[in-house]
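Trainee: Residue-level listing of the chains:
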Amino acid sequence: MLYAFIGVLVAAVVGGIWSGLRHVRDRQLVRMARTTVQTAEVRAKNAEEQLRVAIEELRFLATDRIPAAVLALTHEHAPVPGLLHPQEANATLAKAMRDVLSATGAAAAGERDRVDAAARAAMRGATAKVQSLLYQTQSVLQDLQHELDDPRLLELDFRNELALRRIQATAVLCEAWPGLARSDSPLAEVVIGAQSRVAGYARIKMSNHLREQRLAVVARAAEPLAIAVAELLANATSYSHPDTAVPVTIQQSGGRGALIVVDDGGIGMDEETLSRARRLLAGPEVLLLTELGNPPQAGFAVVGRLVRQYGFSCHVESSPYGGVRAMLRVPAELLTVLDEEHTLSVLVPAPAETAAPARPAEDPADDEGTVVEATPLPSRRRRSPRTAAARPVAPVPPAAEAPVARTPEQAGALWGALQDGTRSGRSAAGSGTTAAGGTAAADKQGDNPS
Amino acid sequence: MTPGRPGTSGAAAAPEPGTPGGRGRRLVPAYLATGGRERPRGTADFDRLTVLVSTDQRPPEMDFGPEHRRLWTLLRPGALTVVECAAHLGLPVSATVFLAADLVGGGHLLARSPVPKAEAIDRTLIERLLVGLRALP
Numbered sequence: 001m002l003y004a005f006i007g008v009l010v011a012a013v014v015g016g017i018w019s020g021l022r023h024v025r026d027r028q029l030v031r032m033a034r035t036t037v038q039t040a041e042v043r044a045k046n047a048e049e050q051l052r053v054a055i056e057e058l059r060f061l062a063t064d065r066i067p068a069a070v071l072a073l074t075h076e077h078a079p080v081p082g083l084l085h086p087q088e089a090n091a092t093l094a095k096a097m098r099d100v101l102s103a104t105g106a107a108a109a110g111e112r113d114r115v116d117a118a119a120r121a122a123m124r125g126a127t128a129k130v131q132s133l134l135y136q137t138q139s140v141l142q143d144l145q146h147e148l149d150d151p152r153l154l155e156l157d158f159r160n161e162l163a164l165r166r167i168q169a170t171a172v173l174c175e176a177w178p179g180l181a182r183s184d185s186p187l188a189e190v191v192i193g194a195q196s197r198v199a200g201y202a203r204i205k206m207s208n209h210l211r212e213q214r215l216a217v218v219a220r221a222a223e224p225l226a227i228a229v230a231e232l233l234a235n236a237t238s239y240s241h242p243d244t245a246v247p248v249t250i251q252q253s254g255g256r257g258a259l260i261v262v263d264d265g266g267i268g269m270d271e272e273t274l275s276r277a278r279r280l281l282a283g284p285e286v287l288l289l290t291e292l293g294n295p296p297q298a299g300f301a302v303v304g305r306l307v308r309q310y311g312f313s314c315h316v317e318s319s320p321y322g323g324v325r326a327m328l329r330v331p332a333e334l335l336t337v338l339d340e341e342h343t344l345s346v347l348v349p350a351p352a353e354t355a356a357p358a359r360p361a362e363d364p365a366d367d368e369g370t371v372v373e374a375t376p377l378p379s380r381r382r383r384s385p386r387t388a389a390a391r392p393v394a395p396v397p398p399a400a401e402a403p404v405a406r407t408p409e410q411a412g413a414l415w416g417a418l419q420d421g422t423r424s425g426r427s428a429a430g431s432g433t434t435a436a437g438g439t440a441a442a443d444k445q446g447d448n449p450s
Numbered sequence: 001m002t003p004g005r006p007g008t009s010g011a012a013a014a015p016e017p018g019t020p021g022g023r024g025r026r027l028v029p030a031y032l033a034t035g036g037r038e039r040p041r042g043t044a045d046f047d048r049l050t051v052l053v054s055t056d057q058r059p060p061e062m063d064f065g066p067e068h069r070r071l072w073t074l075l076r077p078g079a080l081t082v083v084e085c086a087a088h089l090g091l092p093v094s095a096t097v098f099l100a101a102d103l104v105g106g107g108h109l110l111a112r113s114p115v116p117k118a119e120a121i122d123r124t125l126i127e128r129l130l131v132g133l134r135a136l137p
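The listed protein sequences correspond, in order, to chains A and B.
Note that UniProt numbering has the first sequence beginning at 1, numbered continuously upward.
Note that UniProt numbering has the second sequence beginning at 1, numbered continuously upward.
Worth flagging that the hints you see were computed from the coordinates, not collected in a lab.
Heads up, some of the hints might be wrong.
Stated by the list, open to error - Here are a few chain A residues that face chain B, going by a calculated C-beta distance under 10 angstroms: (1) Glu49; (2) Ala117; (3) Ala118; (4) Pro151; (5) Arg152; (6) Leu156; (7) Leu180; (8) Ser196; (9) Gly200; (10) Ala202; (11) Leu288.
Claimed, not checked - Some, not all, of what chain A presents toward chain B, calculated at C-beta under 8 angstroms: (12) Leu2; (13) Tyr3; (14) Glu161.
As the list claims (entries may be wrong) - For each label pair, taking beta carbons as the anchor points, the in silico distance ranges come out as: (15) A:Gln410 - B:Val83: 36 to 42 angstroms; (16) B:Gly107 - A:Ser253: 38 to 44 angstroms; (17) B:Glu61 - A:Ala282: 48 to 54 angstroms; (18) B:Gly107 - A:Glu212: 52 to 58 angstroms; (19) B:Ile121 - A:Leu144: 35 to 41 angstroms; (20) B:Glu61 - A:Val140: 32 to 38 angstroms; (21) A:Glu340 - B:Arg123: 53 to 59 angstroms; (22) A:Ser427 - B:Ala79: 52 to 58 angstroms; (23) A:Ser424 - B:Gly107: 48 to 54 angstroms.
All values reported here derive from a predicted model rather than from experimental measurement.
Virtual Cβ for every residue (Gly too), placed ideally from N, Cα, C.
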């Protein structure tokens, strides 16, 4: 009985302990479950928050960032916004969105290039046809000018030339060949030819400072150079007042190259426009029609493209005349000198050095080929008489009323006369003194007969 | 004096297809001589055969271009007609007239209209006269 009691007691105690233990474990389990739930809740909340942020970022990507990135392809200063919540965004998500942005940009750029290339090709085809028609018109007009004496033919020729310039410039922008084979052409004629292609050509005053009048542009660069100079002249005339002159100077540079300087007294360009012009003039590798603005400003772009293809160079800066000064340098490898038979057009300005020659027209010394320079400083020059055919300049009208400077021959004759005079004077004086000395000696001898 | 014709100076050596006469494209067009004007200066009517003579007044540099001075120099030795001057300068007659009119206006050239052809006598009249004379008894 006792054993039974003890057994029950033990069982009760064990049961109590057991149940107590179980209770403790249950409580632990509950606690753990509670923390798990809390953690899960927090995580879910975080995830929700992140999803919200991600959706916001995606929406922002679609509405703002991608359009901005595409715009930045054409306008490099256009800002592309970053993430809306850079602190909260998931790093992987941010990277993925950057990838989306760059892929969109690349796709847009590729498509833009393709469309632009197609547009250029279409323009190229059209310009080639129009250009050839205008050349034919020009030839007919030129023949007519020699048959009929109507001045309206000249006017018509000019209009035709203006149209040709536009078409040629467009063709060059569209990567077409300038479209004309020339032979080696005198630089002065190339510049005058470029002048004739510009609407306000009467305002362009060219001064010719070439030492060698037959300095010529090699065949392959002649027409491209004419186009480039015409564009610079067109800029200068259209951006300056119609009453102002546009001075153009051609000169040989220190090396063996030549320099064409175009000045205008116009409104000039601010620093930003200048730097844009310089970028275009440097000849960028790819030039899209869509980059030329609206309305398209093609002048510098045309020059830049030719610069890149033919190897001359162009620089723009503020001009002392108030507007813009454009300097086009033609390197020595694009220059040559024509043979003596080649005569320049009568419309080419006489070289500045001989524009005011010191001799009257009928002076026979005119045939000796010595070029009188207007520079006040003395300089060495060729003195040996050349043949008349070897004159460097096509007949230049000498100015009779020009202030008479001395030719080397006259100066030599004057100096010779002076020396002759001195010599004769000295010899006369010398004979006098020797005579006087002789008498003195005779006197001495007379004084001292011993 | 053999000035180059603008049409041939600087012309391409190879004939360009599409140009009559196979000339290359000219580089310096003749209309530059007009200085952008539509009509020659003054009211004088220049003919191809108008005779030009230079006076002793040299055209000043600032008012006249190189082509004016060349024309004036060309006429120093004696008189030439407009068409001859045009040939020497290598310009069309129409462009030469602009230069000549400028120089005449400035008193540097004198222009004389060509002597008009004598009134041609009507040949039928003479024939009729002849017939009448022969018919005389």
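Trainee: Each hint: holds or not?
Mentor: Here's how the hints hold up against the structure:
no., hint, in the structure
1, Glu49, "75 angstroms, violated"
2, Ala117, "29 angstroms, violated"
3, Ala118, "28 angstroms, violated"
4, Pro151, "5 angstroms, holds"
5, Arg152, "8 angstroms, holds"
6, Leu156, "9 angstroms, holds"
7, Leu180, "6 angstroms, holds"
8, Ser196, "5 angstroms, holds"
9, Gly200, "8 angstroms, holds"
10, Ala202, "4 angstroms, holds"
11, Leu288, "30 angstroms, violated"
12, Leu2, "139 angstroms, violated"
13, Tyr3, "136 angstroms, violated"
14, Glu161, "6 angstroms, holds"
15, A:Gln410 - B:Val83: 36 to 42 angstroms, "40 angstroms, holds"
16, B:Gly107 - A:Ser253: 38 to 44 angstroms, "42 angstroms, holds"
17, B:Glu61 - A:Ala282: 48 to 54 angstroms, "39 angstroms, violated"
18, B:Gly107 - A:Glu212: 52 to 58 angstroms, "36 angstroms, violated"
19, B:Ile121 - A:Leu144: 35 to 41 angstroms, "36 angstroms, holds"
20, B:Glu61 - A:Val140: 32 to 38 angstroms, "36 angstroms, holds"
21, A:Glu340 - B:Arg123: 53 to 59 angstroms, "56 angstroms, holds"
22, A:Ser427 - B:Ala79: 52 to 58 angstroms, "56 angstroms, holds"
23, A:Ser424 - B:Gly107: 48 to 54 angstroms, "49 angstroms, holds"
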